[in-house]
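Novice: Put together the whole structure using the sequences plus the hints.
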Amino acid sequence: MALTGLEIYKLLPKTNCKKCGFPTCLAFAMKLSQKGIELSACPDVSDAAKAALEAASQPPVRLITVGAGDKAFSVGNEVVLFRHEKTFYNEPGLLVTIKDTDSADSAAKLVSDVSAYAVERVGKDLTLNGFAIKNASGDKATFAACVAAVATKTVLPLALLSTDPGAMEAALAKADGRNPLIYGATKDNAAKMAELALKHKCPLAVISTDGLDGLVEIVEIVTKAGVQDIVIDPGARGFADSLAALVQIRRLALKKNFRPLGYPVITFPGEGTNSPQEEAVLAGQHIAKYAGIVVLDHFSPETVYPLLTLRQNIYTDPQKPLQMAPGIYTVGDPTDNSPLYTTTNFSLTYFSVMGEVEASGVPSWILICDSEGLSVLTAWAAGKFDSEKIAKTVKSSGIEDKIKHRKIIIPGYVAVLMGELEDELPGWNIMVGPKDAVDISGYIKKVWTNN
Amino acid sequence: MPVEIPTEKWTGKIREVTLGGGGRKTVTVGGETALPFLHFEGSIPNRPVVAVQILDCRPDGWSEPLVRAWGDVVNDPAAWAKKAVELGADIVFCTLASAHPENQNTGAAEAQTTAKKLLDAVDVPLIFYGPEVSDKDNEVLVAVSDATSGLGMALGVCEEKNYRTIVASCLANGHVAVGRAPIEINMQKQLNILMCDLGIKPDRILMDPTTGALGYGLEYTYSVMERLRLAALGGDSMTSMPMLCTVGHEAWRQKEAKSSDGVPEAWGSLEERGILWEELTATTLMSAGADIVVLRHPRTVEMVKSTIKKLMGS
Ligand code: B12
Ligand code: SF4
Numbered sequence: 037m038a039l040t041g042l043e044i045y046k047l048l049p050k051t052n053c054k055k056c057g058f059p060t061c062l063a064f065a066m067k068l069s070q071k072g073i074e075l076s077a078c079p080d081v082s083d084a085a086k087a088a089l090e091a092a093s094q095p096p097v098r099l100i101t102v103g104a105g106d107k108a109f110s111v112g113n114e115v116v117l118f119r120h121e122k123t124f125y126n127e128p129g130l131l132v133t134i135k136d137t138d139s140a141d142s143a144a145k146l147v148s149d150v151s152a153y154a155v156e157r158v159g160k161d162l163t164l165n166g167f168a169i170k171n172a173s174g175d176k177a178t179f180a181a182c183v184a185a186v187a188t189k190t191v192l193p194l195a196l197l198s199t200d201p202g203a204m205e206a207a208l209a210k211a212d213g214r215n216p217l218i219y220g221a222t223k224d225n226a227a228k229m230a231e232l233a234l235k236h237k238c239p240l241a242v243i244s245t246d247g248l249d250g251l252v253e254i255v256e257i258v259t260k261a262g263v264q265d266i267v268i269d270p271g272a273r274g275f276a277d278s279l280a281a282l283v284q285i286r287r288l289a290l291k292k293n294f295r296p297l298g299y300p301v302i303t304f305p306g307e308g309t310n311s312p313q314e315e316a317v318l319a320g321q322h323i324a325k326y327a328g329i330v331v332l333d334h335f336s337p338e339t340v341y342p343l344l345t346l347r348q349n350i351y352t353d354p355q356k357p358l359q360m361a362p363g364i365y366t367v368g369d370p371t372d373n374s375p376l377y378t379t380t381n382f383s384l385t386y387f388s389v390m391g392e393v394e395a396s397g398v399p400s401w402i403l404i405c406d407s408e409g410l411s412v413l414t415a416w417a418a419g420k421f422d423s424e425k426i427a428k429t430v431k432s433s434g435i436e437d438k439i440k441h442r443k444i445i446i447p448g449y450v451a452v453l454m455g456e457l458e459d460e461l462p463g464w465n466i467m468v469g470p471k472d473a474v475d476i477s478g479y480i481k482k483v484w485t486n487n
Numbered sequence: 016m017p018v019e020i021p022t023e024k025w026t027g028k029i030r031e032v033t034l035g036g037g038g039r040k041t042v043t044v045g046g047e048t049a050l051p052f053l054h055f056e057g058s059i060p061n062r063p064v065v066a067v068q069i070l071d072c073r074p075d076g077w078s079e080p081l082v083r084a085w086g087d088v089v090n091d092p093a094a095w096a097k098k099a100v101e102l103g104a105d106i107v108f109c110t111l112a113s114a115h116p117e118n119q120n121t122g123a124a125e126a127q128t129t130a131k132k133l134l135d136a137v138d139v140p141l142i143f144y145g146p147e148v149s150d151k152d153n154e155v156l157v158a159v160s161d162a163t164s165g166l167g168m169a170l171g172v173c174e175e176k177n178y179r180t181i182v183a184s185c186l187a188n189g190h191v192a193v194g195r196a197p198i199e200i201n202m203q204k205q206l207n208i209l210m211c212d213l214g215i216k217p218d219r220i221l222m223d224p225t226t227g228a229l230g231y232g233l234e235y236t237y238s239v240m241e242r243l244r245l246a247a248l249g250g251d252s253m254t255s256m257p258m259l260c261t262v263g264h265e266a267w268r269q270k271e272a273k274s275s276d277g278v279p280e281a282w283g284s285l286e287e288r289g290i291l292w293e294e295l296t297a298t299t300l301m302s303a304g305a306d307i308v309v310l311r312h313p314r315t316v317e318m319v320k321s322t323i324k325k326l327m328g329s
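If you read the protein sequences in the order shown, they are chains A and B.
Each number in the working numbering corresponds to the 1-based position in the first sequence with 36 added.
Each number in the working numbering corresponds to the 1-based position in the second sequence with 15 added.
Don't read these hints as lab results, they were simulated from the structure.
Among the hints, erroneous ones may be present.
[What the hints assert, rightly or not] Residues on chain A that point at chain B, a partial pick, calculated with CB under 10 Å:
(1) TYR153
(2) GLU156
(3) ALA276
(4) ILE323
(5) VAL340
(6) TYR351
A quick note: this is a predicted structure, and the numbers were derived from the prediction, not measured.
Quick reminder that beta carbons are idealized off the backbone N, C-alpha and C, glycines included.
Specialist: What follows is the structure, encoded as structure tokens:
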């Protein structure tokens, strides 16, 4: 967080010696706050001032990358507490736990299921980010073997979970070049883990069993050792305590520019809960309120799909609804006799409709009107999806050259537009479709049989 | 050196609103002087509560696993309400769906009969919503209001285009009015002011900020609720009413909570997915300030109640 001119001035020697080329220290400070000059222009500035200024020029929550290659993910760099203030930038990474005590077969299956998992929503492929491999056996060779096995089966990023530096070293040797997250450094092993992080150039998680105070202590040990890429675990595991800890950490980072906690937070919702369902609810809380990495103990499509949807919702930029370019879209290979649907250009709306039209198995045309990215009813209420707009889009899109019939299906929620639209589009048959897109398949099979 | 915990010094406070009374059980919501569940910076005297939504007629078009979870009671509002309370409902929320002109177009008399049946069946506070067609809302909600005078019902919804009749009736009978604006902070505030202008006390108002389900507008509702709550804690007394979210209604009408045929394998099993769809909508909106969540599935009720307990630190 940038300092103001006055804050910088307080850090300067205040001698007004003019060696920097400015008449006063204050004038120099002002210029510096506008980033018009380098601090080094003042020969007399103290080391403490240098450090303070440097810290202030860094992002309040450091950006940390886990993994390597295409599938690496980055978290941190957040600048607000509430998404309406600007937006949240970097979606939390969702990792699935594998224990080195799991049978080789079940681990292999989990790795392949999770790696292959993808669900399309609003035109985006939503996926999980990687694996957290846990040294549950306590044995170094078993851990290394498990990491080696997982590493050969997936390109997704890894986190290595062990507090035994020996086991970590053995595991790191099997994940060379993968930039795994080392989890992690405790009060007892901090120096050794820091050494490993530096040697392998990997991010390091710091684990506290003693709240934020304990966390800061360990962060300071590893930063002094030279580690910069840090992820923090405040140790809170339940609903209330983890909410408090994550809020406090985000506030300290953003509002106090508190460097020792200016890092993404890793959470373990499975450890504070008693069922996969409850784990998902707590994971949801962590996604909404400030987690950087969420480690899940359970994987099943019906729990991760809602979580991925929540993550997509919370990290959508509030200033820009996801929208489509207006125009003609096709489903399958429509002919001049295929049905024509119309809707708005809100991505969620378009993809809901497109998915159902696709599911109906009837090749079709979809005409997207420019509604400034609003859903059907929102756009209708705001006057951005009315008969005039639809008629104009029909005329200007060129759809009339592509179809022989003159039938257009409008969303059931705007059935009221039918009369006006008949006036706007003489010769057209305005058909009111079902309200909800789910019912399109049944509807179209009924009304489009003899065409 | 211990870390200094940053706390906000809020000047505002969420109003306390009490439902029930007149010899019946009461439930009080609101009263917070902190953001949701942040016990370290203020007091949260009342936990958020769970209302269970029932209909006054057999539901039509509801998701199959949802109807199955309730069994036969869906044919009888009184039995349904009883079972809801057994499962942990703090409040029973009854939608007078049969009054919709496209449903059975029932009127004042039927609404009063339903209300009386529910009063006999359960002792928790009740909330009634109309079919959301202005003239029918006015007809059936006023009827219920008169039939339950002095018993602290909540009635909704009051919208900018239709609030006078309902608010006046709540005022006359000592009920709470639920005001709803379309996900817009200024309109919600304006509606509160208009309602108060009719003489109803601000602590007899609940806000329904309009709920968007997970994947269907949740993020908009979430942010508007956070803004309303921040405004209220910042001292704006016309945004400081407790908030009610119709979570079950929104969540269970989405495809994810309804369809098992022809959906991607990556969606997983319908029932578990549907329940989680409702749970995540509920808990996410609670973390933005919901004081009353209106739910539909018995298992969601259980999970959300247990989550609330944990968030309240017990
Ligand atoms: C999120 C939301 C917003 C967001 C905008 C989101 C967006 N990008 O559109 C915000 C907060 C900005 C907003 C603003 C407003 N909103 Co608004 N909003 C909603 C909300 C919660 C969800 C809308 C949504 O995203 N739905 C999901 C999409 C996918 O639905 P959909 O587009 O309708 O598509 C479905 C169907 O229509 C169908 N379908 C779609 N196309 C087609 C085509 C065919 C051929 C067929 C057959 C079917 C079909 O398939 C889809 C899935 O089933 C609803 C209430 C609710 N809970 O639904 C209110 C709602 C739509 N909003 C409403 C209003 C009034 C407004 C405002 C005008 C308020 C105001 N005065 O400020 C503004 C207008 C915006 C502006 N001035 O710019 C009202 C509309 C009332 C009415 N019946 O006319 C609603 C219903 C709320 C309410 N109960 O009062 N809103
Ligand atoms: S050189 Fe440094 S001490 Fe001298 S006037 Fe400039 S800022 Fe002040």
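Novice: Please go over all the hints and tell whether each is borne out by the structure.
Specialist: A quick look at each hint next to the structure:
1. TYR153: holds (6 Å)
2. GLU156: holds (7 Å)
3. ALA276: holds (5 Å)
4. ILE323: holds (9 Å)
5. VAL340: Given a least distance of 8 Å, the restraint on VAL340 (chain A) holds.
6. TYR351: holds (9 Å)
The earlier numbered hints are all upheld by this structure, with none contradicted.
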